[in-house]
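Colleague: Listed below, chain by chain, are the residues.
Number of protein chains: 2
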Amino acid sequence: MSVKEFFLSKNDIPKQWYNLAADLPNPPKPPLGPDGKPISPDMLAAVFPMNLIEQEVSSQRWVDIPKEVIEILYRWRPAPLKRAVFLEEYLKTPARIYYKDESLSPPGSHKPNTAVVQAWYNKQFGIKRLTTETGAGQWGSALAFACNIVGLECKIYMVRISFDQKPLRKTMMRIWGGECVASPSNRTEFGQKILKEMPDTPGSLGIAISEAIEEAVGDKSGKTRYALGSVLNHVMLHQTIIGLEAKKQLFLAGEKKADVIIGCAGGGSNFAGLSFPFVCDKINGEDIAVIAAEPTACPTLTRGPFQYDFGDTAQMTPLLAMFTLGHGFVPPPIHAGGLRYHGMSPLVSQAVKEGLVTPKAYHQIKCYESALLWARTEGTICAPETSHAIACVIDEAKKAKEEGKEKVILFGYSGHGLMDLLGYEKFLEGKLSEYSLPQEELQKSLESIKHLPRAD
Amino acid sequence: MSVKEFFLSKNDIPKQWYNLAADLPNPPKPPLGPDGKPISPDMLAAVFPMNLIEQEVSSQRWVDIPKEVIEILYRWRPAPLKRAVFLEEYLKTPARIYYKDESLSPPGSHKPNTAVVQAWYNKQFGIKRLTTETGAGQWGSALAFACNIVGLECKIYMVRISFDQKPLRKTMMRIWGGECVASPSNRTEFGQKILKEMPDTPGSLGIAISEAIEEAVGDKSGKTRYALGSVLNHVMLHQTIIGLEAKKQLFLAGEKKADVIIGCAGGGSNFAGLSFPFVCDKINGEDIAVIAAEPTACPTLTRGPFQYDFGDTAQMTPLLAMFTLGHGFVPPPIHAGGLRYHGMSPLVSQAVKEGLVTPKAYHQIKCYESALLWARTEGTICAPETSHAIACVIDEAKKAKEEGKEKVILFGYSGHGLMDLLGYEKFLEGKLSEYSLPQEELQKSLESIKHLPRAD
Numbered sequence: 000m001s002v003k004e005f006f007l008s009k010n011d012i013p014k015q016w017y018n019l020a021a022d023l024p025n026p027p028k029p030p031l032g033p034d035g036k037p038i039s040p041d042m043l044a045a046v047f048p049m050n051l052i053e054q055e056v057s058s059q060r061w062v063d064i065p066k067e068v069i070e071i072l073y074r075w076r077p078a079p080l081k082r083a084v085f086l087e088e089y090l091k092t093p094a095r096i097y098y099k100d101e102s103l104s105p106p107g108s109h110k111p112n113t114a115v116v117q118a119w120y121n122k123q124f125g126i127k128r129l130t131t132e133t134g135a136g137q138w139g140s141a142l143a144f145a146c147n148i149v150g151l152e153c154k155i156y157m158v159r160i161s162f163d164q165k166p167l168r169k170t171m172m173r174i175w176g177g178e179c180v181a182s183p184s185n186r187t188e189f190g191q192k193i194l195k196e197m198p199d200t201p202g203s204l205g206i207a208i209s210e211a212i213e214e215a216v217g218d219k220s221g222k223t224r225y226a227l228g229s230v231l232n233h234v235m236l237h238q239t240i241i242g243l244e245a246k247k248q249l250f251l252a253g254e255k256k257a258d259v260i261i262g263c264a265g266g267g268s269n270f271a272g273l274s275f276p277f278v279c280d281k282i283n284g285e286d287i288a289v290i291a292a293e294p295t296a297c298p299t300l301t302r303g304p305f306q307y308d309f310g311d312t313a314q315m316t317p318l319l320a321m322f323t324l325g326h327g328f329v330p331p332p333i334h335a336g337g338l339r340y341h342g343m344s345p346l347v348s349q350a351v352k353e354g355l356v357t358p359k360a361y362h363q364i365k366c367y368e369s370a371l372l373w374a375r376t377e378g379t380i381c382a383p384e385t386s387h388a389i390a391c392v393i394d395e396a397k398k399a400k401e402e403g404k405e406k407v408i409l410f411g412y413s414g415h416g417l418m419d420l421l422g423y424e425k426f427l428e429g430k431l432s433e434y435s436l437p438q439e440e441l442q443k444s445l446e447s448i449k450h451l452p453r454a455d
Numbered sequence: 000m001s002v003k004e005f006f007l008s009k010n011d012i013p014k015q016w017y018n019l020a021a022d023l024p025n026p027p028k029p030p031l032g033p034d035g036k037p038i039s040p041d042m043l044a045a046v047f048p049m050n051l052i053e054q055e056v057s058s059q060r061w062v063d064i065p066k067e068v069i070e071i072l073y074r075w076r077p078a079p080l081k082r083a084v085f086l087e088e089y090l091k092t093p094a095r096i097y098y099k100d101e102s103l104s105p106p107g108s109h110k111p112n113t114a115v116v117q118a119w120y121n122k123q124f125g126i127k128r129l130t131t132e133t134g135a136g137q138w139g140s141a142l143a144f145a146c147n148i149v150g151l152e153c154k155i156y157m158v159r160i161s162f163d164q165k166p167l168r169k170t171m172m173r174i175w176g177g178e179c180v181a182s183p184s185n186r187t188e189f190g191q192k193i194l195k196e197m198p199d200t201p202g203s204l205g206i207a208i209s210e211a212i213e214e215a216v217g218d219k220s221g222k223t224r225y226a227l228g229s230v231l232n233h234v235m236l237h238q239t240i241i242g243l244e245a246k247k248q249l250f251l252a253g254e255k256k257a258d259v260i261i262g263c264a265g266g267g268s269n270f271a272g273l274s275f276p277f278v279c280d281k282i283n284g285e286d287i288a289v290i291a292a293e294p295t296a297c298p299t300l301t302r303g304p305f306q307y308d309f310g311d312t313a314q315m316t317p318l319l320a321m322f323t324l325g326h327g328f329v330p331p332p333i334h335a336g337g338l339r340y341h342g343m344s345p346l347v348s349q350a351v352k353e354g355l356v357t358p359k360a361y362h363q364i365k366c367y368e369s370a371l372l373w374a375r376t377e378g379t380i381c382a383p384e385t386s387h388a389i390a391c392v393i394d395e396a397k398k399a400k401e402e403g404k405e406k407v408i409l410f411g412y413s414g415h416g417l418m419d420l421l422g423y424e425k426f427l428e429g430k431l432s433e434y435s436l437p438q439e440e441l442q443k444s445l446e447s448i449k450h451l452p453r454a455d
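Residue numbers (numbering that gives the first Met the number 0), protein chains in the order written: chain U, 0 to 455; chain G, 0 to 455.
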């Protein structure tokens with residue numbers, strides 16, 4: 000088998016992002032404030048800069064990428080499209096499997112695609128400092144990387160258990176000049192309150208978000224804002240550069256169309272980035288299957304209702320119309336930390352609701368088996384999040400074999416797994432736990448949000 | 000500043016390796032056996048396959064790369080040449096700084112350039128199984144990766160202290176199907192002997208080599224051989240693909256010639272790979288400075304004599320003509336594990352002896368300062384070994400500024416530092432030790448090899 004890679008020249012990088020909101024059959028539902036009424040853009044101004052809020056509420060189909068942003072993206076983009084010829088050969092499938100390799104950015108994932116954009120827009124708006132939260136650390140390291148390039152200070156609240164268990168992600172953030180503190184911390188009132196009530200808490204994404212927002216909003220100088228790495232519309236928008244590049248590269252590869260698009264989905268940014276430009280084609284009548292792969296341990300799209308819910312545990316955010324397991328749901332500690340989120344991007348959620356996207360859930364051990372097969376055929380070590388997409392790809396490639404169909408499968412290789420080798424070690428030792436969904440907790444969590452408005 | 004990268008197409012990958020032995024003003028000195036006489040190729044046949052031994056003793060200038068090997072190299076080659084425009088800007092230097100990025104291979108360093116070749120030739124020779132040693136784990140993971148591609152079993156003896164301190168490198172080897180054991184082990188007679196004498200020893204590269212060779216030689220079926228990741232002539236040969244590609248890419252970048260070539264040097268393979276094709280130009284009269292950057296804690300080229308010495312601590316290898324600190328020398332525990340070797344490739348050694356290459360030694364803390372500046376300008380996190388080259392690059396770029404000269408500097412970005420973040424963390428915490436050379440131990444070590452033949 001011969002290696003097949005498809006590169007774009009710097010000149011071929013997309014000059015605009017694609018906004019799915021412009022093409023969804025039904026317009027996305029607006030976020031609601033505490034009073035149950037749609038919030039106005041102004042109500043977000045203390046948290047985000049107005050130029051990003053404009054993108055958040057935009058219904059414009061194409062949004063220009065500033066040329067200064069393109070210059071920054073050039074540091075690692077365009078990302079290559081590769082064909083997984085060795086996996087194809089192993090599976091003896093007639094399917095042609097392509098993947099968009101987002102693991103080559105310095106922080107090792109797709110996250111910088113929006114991190115550098117958010118940092119740049121904040122800088123333009125006169126902001127000096129960004130705060131954010133991070134779980135496993137992919138987003139935190141991407142934002143530290145971005146702030147270093149653009150010239151902003153960066154403060155990251157990292158969930159305490161990850162801070163302690165993954166100390167080297169913290170080191171990455173520090174290398175790029177980011178300040179990383181364990182959350183809950185004594186730097187914020189909310190953190191102090193939690194520490195007083197539960198001094199031994201491992202922390203949670205919800206608490207970390209609350210601390211990061213409190214610090215941003217509390218800066219009296221008005222020079223600090225908060226940045227989020229997924230879920231929101233402007234984040235999905237920035238990530239569409241992935242799918243837009245991939246479309247050009249599939250053409251270079253001689254493919255007239257893709258038949259199956261696959262991405263893993265946690266908050267939705269990696270999935271949306273690859274798939275939205277293809278979902279657009281689907282809306283326009285093309286026959287494409289678009290699959291969001293999620294963990295069975297946190298099955299937001301496959302098991303959650305489509306309704307309004309808070310984006311964070313502490314109920315500080317507006318209510319978002321999305322699939323959700325309830326803001327109080329704590330997913331089991333699977334290694335794919337980036338997929339342990341109770342909710343889902345409202346745009347991705349609506350695309351699922353409208354039948355444009357099909358969700359599928361995968362067990363952790365099947366994902367690691369797939370990742371190992373990938374490493375032993377294609378040669379690279381993928382992130383635990385990415386392994387969910389690969390598990391789905393293998394299923395689809397086997398299906399194509401059974402059907403005897405020459406399908407074109409495209410998936411998002413969202414990140415490398417070099418910072419997450421511990422999960423592989425446990426898997427190889429036969430010590431990896433399979434987590435079933437904690438049914439009782441899920442029921443309790445869903446019960447607690449029943450009073451919130453349905454979104455369908 | 001605009002990002003500048005130079006890619007070769009797959010077709011432009013070199014089809015031959017370059018052998019410096021053909022062009023050195025004085026022919027390299029042969030290895031000697033225990034009797035002090037040059038060894039014959041046959042004497043290596045129990046350790047290496049004959050096709051690689053032929054390369055080891057070859058004086059042919061150009062050696063064809065088998066097309067099957069090129070197909071394997073395509074998995075991550077050609078490697079990009081990049082210009083460090085952000086570092087240039089920071090230093091306000093008139094120098095143009097280029098680097099050959101070898102960090103993009105799946106194991107993350109230049110090591111697979113020879114690992115896949117050695118695995119392939121062994122496979123051709125009917126070998127089923129390779130043994131090797133590894134210190135920090137870069138070589139061990141590269142050989143596991145290579146054996147998985149080619150279809151060989153792989154057994155890696157990893158120095159115990161690294162095995163315990165860097166468990167995730169072991170995980171990488173296991174992901175690719177390699178068996179990694181801590182050395183000294185109870186799998187070999189030599190290992191058992193050492194464990195009996197010193198049950199708590201942290202192990203050493205010398206002990207690990209001895210165990211790996213014992214296992215290879217002891218396989219009565221004749222289907223096991225040993226593989227070495229540096230030092231030997233055939234390893235240098237395989238790595239010249241780095242410099243040969245870089246030459247073509249400098250031309251693409253519009254440069255007529257390079258003025259300064261810089262690589263870090265431990266056993267010599269990274270340094271030789273980049274520099275030998277340029278050393279050839281120097282022999283032919285071009286004005287090029289070629290600099291080997293080594294640690295002050297293990298200053299083989301800057302402080303060692305040029306004489307015959309053993310390649311391993313246990314004195315199992317033939318005597319090699321090289322710069323050496325003595326096979327008994329134990330370098331201080333700097334983080335650049337790949338540079339902690341008492342000897343140096345005989346070909347690199349002779350190039351230094353003949354004045355074609357200038358060695359320079361760098362302190363660990365200056366190297367980390369340079370690595371941090373690199374991460375905050377160019378954006379990527381380099382291996383501790385690579386940081387030695389970067390420290391040297393910064394010196395040379397500053398010199399160019401003082402001299403007001405538009406020099407072209409090319410260096411080898413030999414690997415990423417994602418598996419070595421602990422050293423960065425210590426540096427950022429101000430807890431990194433500076434190691435001075437243990438003078439007394441060095442004297443003792445040099446004294447102990449005084450009876451061995453001088454090489455000059």
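Note that these hints are calculated values from the structure, not bench results. Small disclaimer: the values here were computed from a predicted structure and weren't measured. Even for Gly, the Cβ is constructed at its ideal location relative to N, Cα and C. Do not rely on the hints blindly, as some may be mistaken.
Derived PhoX-like pairs (lysine-lysine); straight-line CA-CA distance at most 25 Å [claimed, not checked]: (1) U:K14 with G:K3; (2) G:K246 with G:K359; (3) G:K66 with U:K3.
Partial list, computed: chain G residues near chain U (C-beta under 8 Å) [to be verified]: (4) V2; (5) I38; (6) N147; (7) W175; (8) L194; (9) M197; (10) E424.
Colleague: The structure should be examined with respect to each hint, and the outcome stated for every one.
Modeller: Here's how the hints hold up against the structure:
| no. | hint | result |
| --- | --- | --- |
| 1 | U:K14 with G:K3 | holds, 19 Å |
| 2 | G:K246 with G:K359 | holds, 23 Å |
| 3 | G:K66 with U:K3 | holds, 16 Å |
| 4 | V2 | holds, 4 Å |
| 5 | I38 | violated, 36 Å |
| 6 | N147 | holds, 6 Å |
| 7 | W175 | holds, 6 Å |
| 8 | L194 | violated, 24 Å |
| 9 | M197 | violated, 28 Å |
| 10 | E424 | holds, 4 Å |
Comparing the model with each numbered hint stated earlier shows that hints 5, 8 and 9 do not hold.
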